[in-house]
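**Q** In case you want the letters, here they are:
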Amino acid sequence: MKEYPVLGKKDTRSGFGVAMTELGAKNENVVALTADLAGSLKLNDFEKAYPERFVQVGIAEANMIGIAAGLATAGKIPFTGTFANFSTGRVYDQIRQSVAYSYKNVKICASHAGVTLGEDGATHQILEDLGLMRMLPGMVVINPCDFNQTKAATLAIAEYEGPVYLRFGRPVVPIFIPEDMPFEIGKAIVLSEGTDVSIFATGHLVWEALEAAKALEAEGISAEIINIHTIKPIDEAAILASVQKTGCAVTAEEHNIYGGLGDAVGSVLLRNHPVPQEFVGVQDSFGESGTPEQLMVKYGLKAANIVAAAKLAISRKG
Amino acid sequence: MQHPDIQHLSQIAIQLRRDILRMVHACQSGHPGGSMGCAELFTALYFHTMKHDPANFTQEGKGEDVFFLSNGHISPVWYSALARSGYFPLEELGTFRRINSRLQGHPTTHEGLPGIRIASGSLGQGLSAAIGVALAKKLDKDPSTVFCLMGDGEQQEGQVWEAAMFAPHNKLDNLLCFIDVNGQQIDGPTNKVLNLGSLTAKYEAFGWEVTTIAEGNNMGAVLSGITEAQALLGKGKPVIVMLHTAMGSGVDFMEGTHKWHGIAPNDDQLASALSQLTTNQSDY
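These protein sequence lines are chains A and B, in that order. Numbered according to this note's numbering, the first sequence spans residues 1 to 318. Numbered according to this note's numbering, the second sequence spans residues 1 to 284.
Treat the hints loosely; a few may be bogus.
[As the list claims (entries may be wrong)] Straight-line distance between alpha carbons at most 20 Å, and here's what the computed SDA-like set of lysine to any residue pairs gives:
| # | chain 1 | residue 1 | chain 2 | residue 2 |
| --- | --- | --- | --- | --- |
| 1 | B | K171 | A | I59 |
| 2 | B | K138 | A | D196 |
| 3 | B | K171 | A | E52 |
| 4 | B | K138 | A | V30 |
| 5 | B | K141 | A | I59 |
It is worth saying that the hints were derived from the structure and are not from the lab. Model, not experiment: these values are computed from the prediction.
Looking at chain A on its own, in the form it has when it is part of the complex (with noise of 0.2 Å):
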């Protein structure tokens, strides 16, 4: 299989706050709005260097996406942070009307997502913004992976006009994306080529699969490992271009496994090629306090448990 050797070590959200900064430069357009969590989405050189183009809000989540909706009529590029949580149940209903409705260009970022948070537990710890961000009408869902991943996507948002839900998370994880790696909203990137199982991952979960395919390879077990960092437009040619090879499917992310990624890669197998699925993620429950890897072992989230749905996978296979 390719190798992918690690090339640091930082956090996704460092990746969205330097991307930002860079969008400033590159840009006039773009305002960045926070709820009081400036420093945790790293926006702080952004402020320093834009602060006519920053909007402290305060702690009103439902106003900033309001705000970000005006913004955005005026023709302005407006880019919410706040925690994933907050970016998404708790102000649904704007984002429903005033965003998705009414299709304007804000780009909503979401740091903290999923167990990854860590010991503030479940209240912050969101397994189902991706399921309530694909349910809405044209909206486009993405899920980077790594530093060098997260910070492409956020310069390729700025890029594209519409409404945008990007997912990232606070621990600090391996980069393995080389920089130079194109990213296309919407194109799903094979990481490595196998036959006996495609393992459609995204999020923190990428790196995780590409850990099991090791593990595999090592038992003899060919996996094919496809980063889908976009959720939505889901790229369906890729999808199933891998399965028609390996003739099974396991999906891997940070998130309840009801509304995510795995029901997005399973009703496009179900409309058009029917294979077995295993889905790796929160098993319908909320999280709890804990250590980010304590929380990801618990939760079922390593790359051991994405060994176990591979072979379980190829099991059923006909």
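Start from chain A and add chain B according to the hints.
**A** Using the frame of chain A, we list chain B on its own:
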């Protein structure tokens, strides 16, 4: 600004009421009460106060005054004012709330109706959007004004107060808001459903310039009240006007009651109402 022709504007306001009733009657649904109560405000804004360009509508509205309706259920009065000021053909009013229409039950950009910049209907969101445009105008050094209308019942939504806190903090003195104080909401009088207390005191405490138009269904009073509020713009604070109106204003059996908030008149009621609304304008 030109001297207002109060006589002419009053005729338009009556015509908006005729349009509202005929639109709501034709599809037997919609919200005539609050729409009729705001006929003078919409006439004043669209036919006198706002600097706008109906024939060349853009979402961005750069260099123009822009208007946001937060209490979207009074769409009939807005649609009538938009059509009659030239945003879209008058005959389109007949498609209100019908299948394949640009005139949805609540206003939306989704069908591309000129004059509308954001969807509203789910309450409490309009002021935030207006603030976004006001911020953009400040960034662009665009001296025009952002207008926004909210309902009084709508003040029960929490998001309104998030926005109310933001605008003065950010010195958005290019923002001129109105609250339609008609004292009614679907389930009854506002002071029975959930008492609003003093909205004037609340907004003053939040840092707004607050004025009052006591006779919101008197065209002269509305025009002078708007002029007075405009004079307060550009001085470091957003401005809000308590516009006291009567729900269902202009038709005796509809006036001052929440019962006409969201129901349509029948044939006899329409005929009786229209007979009270005579004007030198023409129906669509």
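**Q** Decide, hint by hint, whether the structure agrees.
**A** To see whether the hints hold, each was checked on the structure:
1. B/K171 x A/I59: Holds: B/K171 and A/I59 sit about 18 Å apart, inside 20 Å.
2. B/K138 x A/D196: The hint is violated at about 59 Å.
3. B/K171 x A/E52: 13 Å, holds
4. B/K138 x A/V30: 15 Å, holds
5. B/K141 x A/I59: Distance ~28 Å between B/K141 and A/I59 Cα, so the pair is violated.
When held up to the earlier numbered hints, the structure conflicts with 2, 5 and fits the remainder.
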